[in-house]
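J.: Spelled out, the chains give:
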Amino acid sequence: ILNVEQSPQSLHVQEGDSTNFTCSFPSSNFYALHWYRWETAKSPEALFVMTLNGDEKKKGRISATLNTTEGYSYLYIKGSQPEDSATYLCALRSNSGYALNFGKGTSLLVTP
Amino acid sequence: EAGVAQSPRYKIIEKRQSVAFWCNPISGHATLYWYQQILGQGPKLLIQFQNNGVVDDSQLPKDRFSAERLKGVDSTLKIQPAKLEDSAVYLCASSLVGGGNQPQHFGDGTRLSIL
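Protein sequences appear in the order of chains V and R. Going by this note's numbering, the residue at position 106 of the first sequence is 106; the numbering climbs one at a time, nothing skipped. Going by this note's numbering, the residue at position 105 of the second sequence is 1105; the numbering climbs one at a time, nothing skipped.
The hints are simulated quantities; they were obtained by calculation from the structure and are not laboratory data. From the three backbone atoms N, C-alpha and C, an ideal C-beta is built for every residue, glycine too. Certain hints may be false.
[Stated by the list, open to error] Which chain R residues stay away from chain V? Per the calculated CB distances, all over 10 Å, these:
id : residue
1  : A1002
2  : K1011
3  : K1015
4  : Q1017
5  : Q1041
6  : P1043
7  : G1053
8  : R1064
9  : K1071
10 : L1084
11 : L1091
12 : Q1102
13 : H1105
14 : G1107
15 : D1108
[To be verified] Facing chain V, according to a computed beta carbon distance under 7 Å, are these residues of chain R, among others:
id : residue
16 : V1054
17 : D1056
18 : N1101
Build the full structure now, drawing on both the sequences and the hints.
T.: Put into structure tokens, the structure is as follows:
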């Protein structure tokens, strides 16, 4: 079981603010990193799957970067909207197994 | 495309009773996953199927949990007998292949409460 750490645990921002979260993981045996968004009473939704060091991916106002050498990924949200309120989960797959190891998530609340 | 279907959405049982959950993955997805998400924790993989074969069940408490994926399509997860610590959301997910570089598509989950 791999230790995937996410910070902060929770975050409360105002509409229009930009924000970012961190996912930290053991840098050895890296295979792929996933980001998911999980809104209350809905199913988790895949945002990004990242495999290459230096990868940057973007989906609308959300983007992510990956540094496999130092073992971290950042998720950025530009101009947060109330509909961005959700738990953002990071998950790592290593070379030594098939399982995705999830962090505990960052809970984001965006208020008008 | 239709998403991953799970049932029931909610289930309340007493400890030592049995319960079963059902999952129908996205059509054509070879890999199916069952996760357990306890409040305050991230989802934990219980079992991963590739078609109807088990790829990883290392974290499945086999003394009380069982899962099957007959015919390589839908799947059931059973708990018998349930313990208080089994209270959690049980998520089913599927992906085209199981290599880890494909996104997983999740169902809405089953919220299980043990009294």
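J.: State for each hint whether it applies.
T.: Cross-check of the supplied hints:
| no. | hint | result |
| --- | --- | --- |
| 1 | A1002 | holds, 13 Å |
| 2 | K1011 | holds, 16 Å |
| 3 | K1015 | holds, 26 Å |
| 4 | Q1017 | holds, 25 Å |
| 5 | Q1041 | violated, 6 Å |
| 6 | P1043 | violated, 5 Å |
| 7 | G1053 | holds, 12 Å |
| 8 | R1064 | holds, 20 Å |
| 9 | K1071 | holds, 22 Å |
| 10 | L1084 | holds, 21 Å |
| 11 | L1091 | violated, 7 Å |
| 12 | Q1102 | violated, 7 Å |
| 13 | H1105 | violated, 7 Å |
| 14 | G1107 | violated, 6 Å |
| 15 | D1108 | violated, 5 Å |
| 16 | V1054 | violated, 11 Å |
| 17 | D1056 | holds, 5 Å |
| 18 | N1101 | holds, 5 Å |
In summary, the numbered hints that this structure violates are 5, 6, 11, 12, 13, 14, 15, 16.
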